[in-house]
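Line order of the protein sequences matches chains E, B and Y.
So for the first sequence, the numbering used here puts the first residue at 498; every next one is plus one.
So for the second sequence, the numbering used here puts the first residue at 1399; every next one is plus one.
So for the third sequence, the numbering used here puts the first residue at 2; every next one is plus one.
Any given hint could be a false lead.
Heads up, simulated BS3-like pairs for lysine-lysine below, C-alpha to C-alpha not over 25 Å straight-line [to be verified]:
1) B:K1743 / B:K1710
2) E:K698 / Y:K8
3) Y:K8 / Y:K215
4) Y:K171 / E:K698
Non-contacting residues of chain Y with respect to chain E, defined by C-beta distances greater than 10 Å in every case (computed) [what the hints assert, rightly or not]:
5) E6
6) G9
7) S11
8) G16
9) D24
10) N26
11) S51
12) P58
13) A83
14) H106
15) P113
16) V117
17) A132
18) E148
19) A234
20) H245
Computed footprint of chain Y on chain E, listed as stretches where at least three residues anywhere in the stretch have a Cβ under 8 Å from a Cβ of chain Y [stated by the list, open to error]:
21) 507 to 516
22) 573 to 583
23) 645 to 652
24) 805 to 812
Treat the hints as calculated values from the structure; they're not laboratory data.
Backbone N, C-alpha and C define an ideal beta-carbon position, used for all residues, glycine too.
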Amino acid sequence: MHPVLPWLGGIAVLSFLPLITRTAYDQYLLNVIAINVVLAVGLNIVKGFAGQVTVGHVAVMAIGAYASAVFSVHLGLPFWLALPAAMAVCAGVGLLVGIPALRLEGAYLALATLGLAESVRIVISGTEWLGAAMGFEGIPPPHIGGFVMETHFRYYFVVMPIAVMGIYISFAILRSDMGRAFKAIREDQLAAAASGVHVAKFKLIAFVLSALYAGCAGSLKAHMAPGYLNPNDYSLQEMVTLLLMVIFGGIGHIWGAVIGAIAVTIINDLTQDYYTYRMAIFGGVIVLTVMYMPRGIGGMIEDFWVRKRFAALRAATKARQAAP
Amino acid sequence: MAIRKWALLAAPLLALAATPAKAQDGVIRIGVTLRMVVENGLKYGQMVKDEFEAVNAAGGINGHKIEIQLLDDECKPDKGVSNVNRFIHQTQVDLIIGSTCSSVSMPMVDIVTKEEIPLVIPQSTNQDLTKKGSPWVYRVPVSERFYAAVHAKWLAENVGKKVAYLVTTDTAGIGFAKQYQVYMKKTYSVDPVIEVQAQETDLDFRAALLKIKSMNPDVLAIGGQADAIARVSQQSYEVGIPSRVRRVAASAASNAPVPELGGDSVKGLIYAAAFNCNDERPEAKAFVKLTQTKYGVRCPDHDFSQAYDTVKIVTQALKTANLKLTAGSHAADRMAIRDAMANVKDFHGLASGPISFCAAPTPQCRDGNRTGILVEYTKGGKDYDTKLLARVTFDADFGL
Amino acid sequence: MNLLEIKGLSKRFGGFRALSGIDLNVRQGAVHGIIGPNGSGKSTLFNMISGVYLPEPGSQIVFNGTDITGKPSHEIARLGVARTFQMLRIFEGMSVIENMMVGHHGLTGYSPLAAVFGVKSVRSEERRVRAEMMELLNFIGLADYAEMPAGEMSGGQRRLLALGRAMAAKPKLLMLDEPGAGLSPTNVDILLDTVRALQQRFGLTVIIIEHILKLVMDTCETVSVLEHGEKIAEGTPAEISADHRVIEAYLGREMKDEEVRDFLRSA
């Protein structure tokens, strides 16, 4: 069986989801979730797997969104061409973002990507032909012939399959030799290189891959009704929310990023009515996650699984070590 | 295996779908989205809620209760879009009020137009909002197309037309000077007597001010942020520009650092605004007392006054609308509210002038408030004070 | 025939001369030991051979007929030089089998794009790699632990895994950096047996850095002695044992012949 078949099955099953939602708002929320899944799964590649710190992911998304908007509004490309074109632009940006990662680590790399993140927002805010601070308007929804995918219900059938395929590709890559190379870089660069891993190359590939995801998410965001973009939606606050998705779900777990994106989007939505305490609730979730499950939901599941599976083995090892 | 995983994923989504759609049950539902992340934001948000509750306590709208869903959009367009989607599809409101930031109101206008829900904008001033020509949109605050010329008109008519400009290179400063100059050119065919540009970060403006002094202008226009305005104001007296030369500054002049830094020199400095808390009208005095006692705000700004006016206008319109509020009457009720809003004429509230709407989907009809005010500092320093200097009303076509 | 030929290898860290003009030849199939006190430059030598540090001008490292002076680590590794680290540096967050598969990275042949499209050859290649690595794990006695996170393993197991990961690359030259450090005598024996078995089975050339004299004297055919970044002696274990300078380097003073004999016997 081809490995993509179960995923096509997943798309088929998920196609029924909007039918059982009660209102168009839930369908809208499903679309937001799908976009966040693409975003979080992409961030997980560079952060969770290759272990590179970046706070520029939302900025790359902004570039993807605006690129897609410019391609469709100014150049007249249909969504189906604007999306890959925007992703290509983001791949280039990802390469640029990755270059400092060859020399910098940890907090210094965070600072370098922070510089990028803020400058993207500021440049867009000051650029008239991108709508500046008032925003970019009138981005057309995707269409096939005369069938326009503007309603939340129809748009779901654009974003959901893309999100599922995004998860599949992430799995395919990360369970391959390249995924192991990423993880080896995260764990120990020196040992990775000694094992024959071209550290610099794979670091750059990780940044480019995650930028492709960010660009895809940006483009999907741009063409979603009402087809409006504003630089204010791509600030550090959004980056913190995105990081929370990945941390909450469990850094380095693909399903963790998916669960994190779903959970955080829903928590975000449910707390919207309690705006006075919303930030406090959010901050609380972050603190509690970091304190009590530093490896997130994915890490907890893994710990449970590992403990169960290797309990006997470990006992045997202990017994052997105890023996003289 | 894969199926099981998907089922696992779908579970929380199903839980989400459990929120039932609202039936039409004789209740008027209003969705309100405002920027409330700032401290005052929470207060004016609460005030909007309280004022609608007061309407309910007094018997409601022709016997119908009002239900408010108040949400924070944090001045983030995405949040605003999300809130409006919730209002429309989940809460199924009859009317939306919002928002504070123009960038948030912008996509909201598109959505309500498509979904056919009346939108009353309480605080955003960007002129494009009403230029989109949506029949569903009404704006309570003064549009920036009037705002920019409030001081220009009054100064030209009451002080003089010889204007000297000292402008720092920030967007607000340049915009202020440009609009002033355009107005003078268009209305009176007068050019600036002198225009001097300075850097945002400059501390010493005396050389520029001496040059301006030699030109003997009627008005000194200061474009820039609060710090620059305070310094220029102070240094203009040091170089001996007489007090008969009126100092006028960009809207940043209303910020507290200006009188605090500028001290006595800000006395006589004027700027344009939409509401002044030293307004002597009885309704304004009552309002300031309300914000002081109930919300702890000593001097409410126009964000407060406009939110308050919005509640009153909406209440008045709802009372005249012919609402059925039954199952199936949703679209008709929304249209009735929209048409009732168009019938609001000569509403006298806290706003500087009367507010009137009309049915055509044009800025002329939907920018209801065409009157700005001029505020003058009467005292500088920590315990600074201001007074209302003038009201300036424009034609509906002005600035288009 | 020499598998490794080093000429005039020097390295300076700031004002500190870590290595000065080292010449070293290691014969194909040999087990060569490198001993010396702390700070004598043993680990620096390994780091230079494996490309972690750039050598100074005038240095030359030739491996299997290829000049590898100044080449990056991963290229040297792919030419057939594998190593372990003093601090092991196993990938703790990955499973044991994954550690091995990273070791086999240079020999895993398919493109990531093929993986995305789920091409059949990718799956068969993954199966081959996994099977080979399982075989190797079996050989070093860790097959039961294949799916266990490496971070969960005991000290002895970690040393074996580090050895296995190096072997996964099917190297021609295996460099072991203090393989016996922190192990009980029993475990040292297990490890040495494994190394010998691997060496014989795969025809490896091995270089061992070691503190434990006994381990070197028992295992190695030839031994080099470093002190203060210089090679002070070279020869068979018997020749080295007789060299006064070696004893001084270890004990820091001159010894009588009887004392030397006693010391070596005790070691």
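Handout entry: Assertion that G16 of chain Y lies outside the chain E interface [Cβ separation over 10 Å]
Key = The claim stands: G16 of chain Y keeps its Cβ more than 10 Å from every Cβ of chain E (closest is about 25 Å).
Problem - Restraint check for K8 of chain Y with K215 of chain Y, where alpha carbons must lie at most 25 Å apart - result: Not OK: K8 of chain Y and K215 of chain Y at ~28 Å, beyond 25 Å, violated.
Handout entry: Assertion that chain Y covers the region 645 to 652 of chain E - criterion: three or more residues, beta-carbon distance below 8 Å
Key = Check failed, 0 qualifying residues.
Handout entry: Stated coverage of the region 507 to 516 of chain E by chain Y [criterion: 3+ residues, CB within 8 Å]
Key = n = 0 at 8 Å, threshold three: violated.
Problem - Non-interface claim for A83 of chain Y, where every Cβ of chain E lies beyond 10 Å - result: Non-interface label on A83 of chain Y violated, nearest chain E Cβ at 7 Å vs cutoff 10 Å.
Exercise for the section: Taking the shortest Cβ-to-Cβ distance between D24 of chain Y and chain E, state whether it exceeds 10 Å. Expected result: Holds, since 24 Å exceeds 10 Å.
Exercise for the section: Confirm or reject the statement that P58 of chain Y sits farther than 10 Å, beta carbon to beta carbon, from all of chain E. Expected result: Non-interface label on P58 of chain Y holds, nearest chain E Cβ at 23 Å vs cutoff 10 Å.
Problem - Proposed proximity, K698 of chain E with K171 of chain Y (alpha carbon, max 25 Å) - result: holds (23 Å)
Exercise for the section: Given that the region 805 to 812 of chain E was listed as covered by chain Y, double-check it with a C-beta distance under 8 Å for 3 or more residues. Expected result: holds (count 4)
Exercise for the section: Against chain E, does E148 of chain Y hold up as non-interface, every C-beta pair farther apart than 10 Å? Expected result: E148 of chain Y is in fact no farther than 10 Å from some Cβ atom of chain E, at 7 Å.
Exercise for the section: Mind verifying the non-interface call on S11 of chain Y? Its CB should be farther than 10 Å from each CB in chain E. Expected result: holds (22 Å)
Problem - Claimed clearance of chain E by H106 of chain Y, with the beta carbon kept past 10 Å - result: At roughly 5 Å from the nearest Cβ of chain E, H106 of chain Y sits no farther out than 10 Å, so the non-interface label is violated.
Checked against the numbered hints given earlier, the structure breaks hints 2, 3, 11, 13, 14, 15, 16, 18, 21, 22, 23 and satisfies all the rest.
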